[in-house]
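S.K.: Line order of the protein sequences matches chains A and B.
Position 123 of the first sequence, counted from 1, bears residue number 1186 in the working numbering, the numbering being contiguous throughout.
Position 182 of the second sequence, counted from 1, bears residue number 192 in the working numbering, the numbering being contiguous throughout.
Hints are supplied without guarantee of correctness; some may be wrong.
As the list claims (entries may be wrong) - Calculated from the model, a selection of chain A residues having no Cβ within reach of chain B, i.e. all distances over 10 Å:
| # | residue |
| --- | --- |
| 1 | A1065 |
| 2 | A1081 |
| 3 | I1103 |
| 4 | I1115 |
| 5 | T1128 |
| 6 | G1132 |
| 7 | G1156 |
| 8 | N1175 |
| 9 | P1176 |
| 10 | V1177 |
What the hints assert, rightly or not - Here are the simulated DSSO-like pairs of lysine-lysine, each with C-alpha atoms no more than 30 Å apart in a straight line:
| # | chain 1 | residue 1 | chain 2 | residue 2 |
| --- | --- | --- | --- | --- |
| 11 | B | K52 | A | K1066 |
| 12 | A | K1093 | B | K87 |
| 13 | B | K400 | B | K241 |
Just so you know, the hints here were simulated from the structure itself, not pulled from any lab data.
Virtual Cβ for every residue (Gly too), placed ideally from N, Cα, C.
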Amino acid sequence: MAKLTIDDLKKIKEKQKATFTLREGGSRAKITVHMGTCGIAAGARTIMTALIDEITKAGVEDVITTTSGCAGLCAREPMITVELLNKAPVKYGDLTEEKIREIFSEHVLKGNPVEKYALVVGSETTY
Amino acid sequence: MEKYRANLLMCAGTGCVASGTPKVRAAIEEELIKKGLENEIKIVLTGCNGFCAEGPVMLVYPEEIFYQKLTVAEVPKLVEEHFLKGRPYEKLMFKDIEKRHAIPLMNDIPFFKHQVLRVLRNKGLIDPDSIDEYIARDGYMAAAKALTEMSPEDIIKAIKDAGVRGRGGAGFPTGLKWEFASKSVADQKYMLCNGDEGDPGAFMDRSVMEADPHSVIEGMIIGAKAIGSSKGVIYVRAEYPLAVQRLQNAIDDCRERGLLGNDILGSGFSFDLEIYLGAGAFVCGEETALMRSIEGQRGMPRPRPPFPAHKGLWDKPSVLNNVETLAQIAPTILNGPEWYRQLGTEKSAGSKVFALTGDIRNVGLVEVPMGTPLKTIIYDIGGGMKNKKKKFKSVQMGGPSGGCIPEELIDIPVTYEDVVKTGAIMGSGGMVVMDEDTCMVSTAKFFLEFTADESCGKCTPCRVGTRVMLDMLTDITEGRGREGDIETLQDLSNDIIATSLCGLGQTAPNPILSTIRYFKDEYEAHIHQKWCKTGICSDLCSFEISEDVCTGCGACARACPQGAIVGEKKKPHSIIQDLCIQCRSCYDRCAFQSIKIGPAKEKDKTAVAVKDQEE
């Protein structure tokens, strides 16, 4: 392997950024795929795979994906929640692979919620 | 690079490996494959996380959820609940001892909350075998700065201004040490690292070498530039196989990437280093003995001066720094002296790593700002006594060279100066916490056994003196203590301190002096009343059951190996004194504190012998 230069150090640091966004926080967007039994049965796994695929293709480093349980509206699964920094969360329902790819490029990358697939904005009141 | 949605950072420090990380990891891997998650979730093995008492531990990112005491049996449930369905698995979370509810987030756990990580900045966060992950956390940027933008004088000034002091125990200013060596003129100089951690109960250096080997190497590169050295040696004890393996791997990676060897980072500066395995002699932590050992000779100290900065390894100017000292060099160079001084006090700047062990709830490794009150470390971070019914008695700091700090001084801030005032020393940072059931005479004896054993034998005061003192302590704990013993011990201690050749002998009497200073009544009770009030010295105590407290539960009778406890169910029991061998089992077992410890009693010794014969 070639010897490192100071520029190489910076490049390596840049390349590892995504990993450390995950470990140190500081992400711009968080996408939660609801993976209760209902979600998984309705195809949430395909959604997750497509999502990771999109993130890799787009080369973005500040987007994290996570899973959570059933959101309560089993009839509309698969569902995801998209949270952009300092914006209210948006829930999407009845998702397919095509829809998730569209949501990713429109909402996550460009910041415009995709109204036609959106179920609700905001989060439920919890005590 | 592949994209993962979650990272599982499993602790692979020695503690967690021993408590089962490899098996749990295999089980998680298998389970992830079963659930088709292997391409979404990455397992990373890290160095010691610090919370060894709860091992094996694992930290899940991005949620930052802390799991503890993992078992293979729980893995399927954990993977299904958390990694598939996204429901953090409460059963394996840390439980708040008072409130009994699960605390999921790492930074909500008091053990982690009160800590400030500098030396341990990468602990449990990076894969110690990955140089790229170290670089991602600003690794080697300080070396780059030092090699290309700073002169040796600049580096030395930065370290001096920061007020970095040696973390191996004595607290000598690191910048000054470098300056002396830098000014020595020679064809060859050596940059050495002391990884010969030997204090019983101290394991911070091992953890740094295991969790973040590159931080030590980077510190050495910077030090080498400061003193003008082209060769370095890391001296590690062979009992630290994992540390050796990770250091070697890190050195190999550095050589391959040109971070060690000729013309580092194109700066024109060349430096290479190797590992030297020590055989685990305590005295080899002393600098001149360590250097003799690297030369292949018997590890024995020699008088100073000449100091190693002038004549060290192979009689060439050398600097020896402790692992923890070196690990804090890189961030100090990168962020500047003011950053370093943000923590700590004027004379004791920065942070310090402590190894908490003994009768404390949260055994582990902690890093706190210098000047943190001892009380915060023991109660807030350490979680108090392991046995909640027992009271704190004393904390031993500084290992065999240190002393015991009693309860009345628990509010002191932990700095070099304040600790020395108590008669203990900062040392490498071992804190052995003792509860009220600890006999202080036996504690002093334990440390003397260690130093008498580890004395290299070169100088008489240490070789003979530690032995004589050990014999006296043995006599005291076995009932042969005499009037005047305490004074003799104090006199001998002072003579040994004044006349020994090296730090081993000069500090060996500290455990005795500090226990006499704070717990003289215990020495007196041992000598005059033949009474060890904690029941540890079996020749100096007797056990009796208080009838008004005993509930007759029978737990003590079942615990007694002699069958010396008799009584009817639900009625007060009693101990047949002639059969009792003072093993203290009943005392430890009783949940009602009904067993009282009194002075030794005259007894018919044949009773035990007769019973043994019958059996």
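S.K.: For each hint, tell me whether it holds in the structure or not.
M.R.: So, going through the hints one by one against the coordinates:
no.: 1; hint: A1065; result: violated, 8 Å
no.: 2; hint: A1081; result: violated, 7 Å
no.: 3; hint: I1103; result: violated, 7 Å
no.: 4; hint: I1115; result: violated, 5 Å
no.: 5; hint: T1128; result: violated, 4 Å
no.: 6; hint: G1132; result: violated, 5 Å
no.: 7; hint: G1156; result: holds, 17 Å
no.: 8; hint: N1175; result: holds, 23 Å
no.: 9; hint: P1176; result: holds, 22 Å
no.: 10; hint: V1177; result: holds, 21 Å
no.: 11; hint: B:K52 <-> A:K1066; result: holds, 29 Å
no.: 12; hint: A:K1093 <-> B:K87; result: holds, 25 Å
no.: 13; hint: B:K400 <-> B:K241; result: violated, 52 Å
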